[in-house]
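Number of protein chains: 2
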Amino acid sequence: MNDSETETAGMSEAELARHSEKMAKKKQAREKIMATKTDEKGLVIVHTGKGKGKSTAGFGMIFRHIAHGKPCAVVQFIKGAMMTGERELIEKHFSDVCQFHTLGEGFTWETQDRARDVAMAQKAWEKAKELIRDERNSMVLLDEINIALRYDYIDVAEVIEFLQTEKPHMTHVVLTGRNAKEELIEIADLATEMELLKHPFRSGIKAQIGVEF
Amino acid sequence: MNDSETETAGMSEAELARHSEKMAKKKQAREKIMATKTDEKGLVIVHTGKGKGKSTAGFGMIFRHIAHGKPCAVVQFIKGAMMTGERELIEKHFSDVCQFHTLGEGFTWETQDRARDVAMAQKAWEKAKELIRDERNSMVLLDEINIALRYDYIDVAEVIEFLQTEKPHMTHVVLTGRNAKEELIEIADLATEMELLKHPFRSGIKAQIGVEF
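Here the protein sequences line up with chains A and B, keeping their order.
Counting along the first sequence from 1, when you hit position 147 you're at 147 in full-length UniProt numbering, and nothing is skipped either side.
Counting along the second sequence from 1, when you hit position 30 you're at 30 in full-length UniProt numbering, and nothing is skipped either side.
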């Protein structure tokens with residue numbers, strides 16, 4: 001593409017002017033909206049749905065906190081065997097700013113022992129409460145807690161009450177996992193459903209390093 | 001919660017046995033499915049939708065590659081001002097394993113200069129092609145390229161043809177941004193729509209460090 005093509009990109013002068021005007025209006029509208037957004041507070045953030053990216057985006061926010069040097073923590077509720085890459089990276093380089101606790105072990109169908117899974121989930125929840133109560137933490141990621149809530153390994157009413165009454169005002173808490181309880185989405189400040197449009201498992205591709213784990 | 005509560009968790013022996021049986025069946029079913037997944041190949045991954053987490057999950061995968069010591073690269077197509085935390089973190093600690101190129105500058109409505117935006121997007125696409133062609137890279141993240149495609153700053157047919165004919169077999173390419181073109185989703189191996197369930201801007205909360213940027 002040469003310079004003159006770049007400059008017109010198939011548009012007439014009039015079209016370019018319209019494009020520019022449209023974008024100026026968008027900018028004005030956006031600035032007007034953003035000017036009304038003045039509060040800061042710690043958010044309750046939920047990532048759910050059958051699609052990819054729930055935990056990955058949660059860890060993305062944790063890395064963003066690490067990047068800003070803001071203390072944070074991760075509690076893994078279910079899949080101890082997954083996200084090991086993140087864990088190693090954080091423990092190796094950033095253990096001064098991010099605590100990492102893996103208390104769940106494997107998916108629940110791996111263990112087939114409900115009593116053990118309940119005990120693990122409760123232990124993870126106790127650790128989560130301790131980390132959230134510690135005002136030094138700017139963000140606490142409760143990875144896959146939704147699975148523990150779904151199987152009633154932890155009581156959702158208790159989690160909601162804790163978030164509403166004991167979470168420090170400026171602390172962000174991120175709760176991930178499919179099948180988030182409706183009550184939790186209700187009280188969330190930010191909730192995203194990761195919806196599966198296409199998945200490579202359907203065409204015989206296995207889980208791969210760097211993508212799935 | 002004491003130990004005996006933990007062990008029964010409100011379930012009778014019979015209920016516990018049924019739970020265990022159900023989980024055993026789930027495990028069998030999953031193992032059967034996973035055994036058919038034997039191929040490895042580089043995936044074309046699309047994150048789209050109006051919800052949060054598209055770029056964040058993309059960067060999460062990049063951090064996962066970094067964790068495994070696998071060479072990777074990021075090209076930012078639009079929002080040069082965003083994701084600066086990730087950029088600083090990567091450039092400071094992991095520049096040996098991850099290249100970072102920011103070629104877009106701000107959202108398009110910030111500039112109101114289509115010719116400049118087209119030139120920027122084309123430059124970013126040239127860099128993207130160079131990085132993808134380099135077989136050392138295990139993953140290349142094309143952050144916010146969907147916005148450049150939507151405004152036809154880059155030709156989607158050209159991108160698809162490149163991915164189908166020139167992308168090395170084992171290289172993963174991640175394309176993020178809302179309004180992904182249908183044609184792109186068609187050829188993707190893995191596509192996720194991040195759907196907005198709740199957003200704090202609605203209740204007057206501004207973008208916050210570590211969450212939005």
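Calculated from the structure, these hints are not laboratory results.
This one's a predicted model, so the numbers in the text were calculated from it and none came from an experiment.
Some hints could be false.
Just so you know, same-sequence chains aren't split out, so a pair can sit in one copy or run between any two.
Below, a list of computed lysine-lysine pairs in the DSBU-like style, where the Cα atoms sit at most 30 Å apart [stated by the list, open to error]:
# : residue 1 : residue 2
1 : 50        : 181
2 : 167       : 50
3 : 198       : 181
4 : 92        : 70
5 : 26        : 70
6 : 92        : 198
7 : 198       : 50
Looking back at the hints listed earlier, which ones does the structure fail to meet? 5 and 6
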